[in-house]
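From first to last, the protein sequence lines are chains Y and F.
The opening position of the first sequence corresponds to residue 1 in the numbering used here, with each subsequent residue numbered one higher.
The opening position of the second sequence corresponds to residue 1001 in the numbering used here, with each subsequent residue numbered one higher.
Just to be clear, a hint being listed does not mean it is correct.
Far from chain Y by the CB rule (all over 12 Å, computed), these chain F residues [said to hold, decoys possible]:
1. G1080
2. K1199
3. A1241
4. R1244
With a cut-off of at most 20 Å between alpha-carbon atoms, the simulated SDA-like pairs for lysine to any residue come out as follows [unchecked claim]:
5. Y/K226 with F/N1165
6. Y/K226 with F/L1051
7. F/K1071 with Y/R232
8. Y/K226 with F/W1288
9. Y/K226 with F/L1049
10. Y/K226 with F/Y1286
11. F/K1071 with Y/G56
12. Y/K226 with F/R1019
13. Y/K206 with F/T1045
14. F/K1071 with Y/K332
Hints were generated in silico from the structure; no laboratory data involved.
None of the values given here were measured: they were computed from a predicted structure.
Even glycine gets a Cβ: it sits at the ideal position worked out from N, Cα and C.
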Amino acid sequence: MKADPAGVLTGRHYLDGNHACCEGALAAGCRFAAGYPITPSTEVVERIARRFPHVGGVFIQMEDEVASSITLQGAVWTGKKAMTVTSGPGLSLMMEHVGLAAMMETPCVFVDVQRGGPSTGLPTLPGQADMMQVRWGSHGDYEIIALCPASPQECFDMTIDAFNLAETYRVPVFFMMDECVGHMTERVDIPPADQIEVVARRYTTKPPGEYLPYEVGENMVPDMTKAGDGHRFHVTGLTHDERGYPVISAAAQEQNVTRIVDKIRKQANKIIRYEEDQVDGADVVLVSYGITYRVAQRGIEMARAKGVKVGSFRLVVAWPFPEDRIRELAGKTKALVMPEMNLGQMYFEMERCARGQCRTVLLPHAGGTVHNPEVIYRAIMEAAQ
Amino acid sequence: MTQQASNETHTNPVLPFLREDRMPHIWCPGCGIGTTVNCFARALTESALDLDNVVIVSGIGCTGRVAGYVKLDSFHTTHGRGIAFATGVKLGNPNLKVVVYSGDGDLMAIGGNHFIHAARRNMDITVICVNNLTYAMTGGQVGPTTPEPAVATTAPYGAFEHPFNLPFLADSCGAVYVARWTAYHVRQTAKAMKEALLKKGFSFIEIIAPCPTLYQRRNKLGDGLAAMQYYKESSVVKTGADTRDVGIGFQSEIVCGKFVDRERPTWLEGYNNRNTTAIGARYRPYPWQD
């Protein structure tokens, strides 16, 4: 379906990533948000608080991130598209309800404007150090989707993608911004509503009495319902059967948890997104994501100017990870080089997928500022030897 | 009883409110939670609410299992977060009647922050707290309402922390309806639940209920029946009592009654009023009626 024009601010704008993310959510049909202020993400909810009353939406500032991350899920189960916005310390508090969303299969979006960590870390300065936390931070086995925008335009476009993916697969989707992308201001073109594709929630067509909340539907994803529709359904964070009833047994666990994992793992190729530039015949492939992808382009240009064959591989979707493609590239190049604004997170996933076929090089950065392109250039030159 | 009447088949009046396919329940003999569910079923009947529009949310614990047994749209959420989830349900669809049904440990320890803020905001939900004075699901640990010096597995020499006075807490945070009864007071409990369901704003009911398996037995207080005798003998009804004076000690007097019944704008009324004032006629009150 097309976007509701009420939420689409069609036109050419000059926005920072945080504001663009808010507009993307509005265009995607998000009409409920719960949040708690945290630097460097706060501008997103500030704009939401200002904009939502004009489009029939509700924003509530909750008492903490533990609350925001579950309040939004309550709203989803009444039919709303909903999100919350945070940064590392808040994300840590939300992990409880990432697990709940995975288990109840609640479609929802978590925006994480990353800063330096651990703990309070660097509130006002960038990091990319939450990449593993969003993948593994809640206990138990589950899968999520994570997107990495690199510009304010992408903060708009890809927030819509985040909502669409959440609805399609009924998982929590993480929008992995960082302080740089959140606070950089660039041109953002917002198209007319009729040019924006929005995925509608897939509701059951079964009458009350016949609907089973976790009966597997299309794409291994159950059809949803909402409170007040007369189904008198039950859902729980406990391991459950198709009826949504708790079943505390190994057999139920096998069925329940395997499916919520497999619906992503077995359909990963439909979700994975990456961008490649000159990777064919490259001696070195520079793998990057988010703001670091943009910084890396300068290092790549410098190396190419010296005649080195450098390819660029950008993770647009970080989770699920493009395992097959990285393995292929590792078989065709001398080295995979990954700069990231942490001391090694996605790098180790890349290294695992490369399976020893080529050199893998980590360019770590503890955060606080972006990489110096010079450092990336030198790493490429060294790897090309 | 006439001969004719004895031949009739009677359905348990609570049965239509229960998920029969989930019976038997997990509660112990003598537990007070089931009694409160009977009261809740009666309150739902008497309130004449459309049950398709009533949502029940629970946290974790013995009382947290209520949501799984009641035949309503029902959510069994995370420990202590039922109120936060319910806030999303209420604001997502303000036409729904939202009830949070959970225990003292869930609502008042791990969930305490959500409780006080929902009361402060006057979120339009009903919170029913079955207070059995202990963490029962995990085996009888000391909790925020355990009176001194009751024994619990994690207070083997007796509780020594000062327990919460729940009506006072709810009152001071802004709840518009506050009542306390015991599992002995079934009619009063059902009546209070009905009043709370029909009250606009944050309504709170505490029901003191026995945990015979863990609290009663460990403290040598007898079984569920002994608890009923204690409630009967030691309860004092003081409608309108000052909530500062209704704290509960070990086997002490239990002050029961409706303590608070007042009017305050709900969160959503505040949201709509403020936005109308600030934005003017362009503002369409939420939820939008198309």
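Results of checking the hints against the structure:
Against chain Y, the non-interface label of F/G1080 is violated: not every CB pair exceeds 12 Å, the least being about 8 Å. The non-interface label for F/K1199 is consistent with chain Y: the shortest C-beta to C-beta separation is roughly 20 Å, beyond 12 Å. At the 12 Å boundary, the C-beta of F/A1241 stays outside the reach of chain Y, the nearest C-beta of that chain being 29 Å off. The beta carbon of F/R1244 sits about 24 Å from the closest Cβ of chain Y, which is more than 12 Å, so the claim that it is off the interface holds.
Straight-line distance between C-alpha atoms of Y/K226 and F/N1165 comes to about 36 Å, which puts the hinted pair past the 20 Å bound. Of the pairs offered as hints, the one joining Y/K226 and F/L1051 holds, with about 14 Å between alpha carbons and a cut-off of 20 Å not exceeded. Restraint check: the Cα-Cα separation between F/K1071 and Y/R232 comes to about 6 Å, which is no more than 20 Å; the hinted pair holds. At roughly 18 Å between alpha-carbon atoms, Y/K226 and F/W1288 fall within 20 Å of each other, so this suggested pair holds.
Pair hint Y/K226 plus F/L1049 holds up; C-alpha atoms about 18 Å apart against a cutoff of 20 Å. Pair hint Y/K226 plus F/Y1286 holds up; C-alpha atoms about 19 Å apart against a cutoff of 20 Å. Note on F/K1071 and Y/G56: the hinted pairing is violated, with a Cα-Cα distance of about 31 Å set against a maximum of 20 Å. At most 20 Å may separate the alpha-carbon atoms for a hinted pair to count; Y/K226 and F/R1019 meet this at roughly 19 Å.
Under the criterion of a C-alpha separation no larger than 20 Å, the hint pairing Y/K206 with F/T1045 is inconsistent with the structure, at around 27 Å. Only pairs whose Cα atoms come within 20 Å are accepted, and F/K1071 paired with Y/K332 is rejected, the gap being roughly 60 Å.
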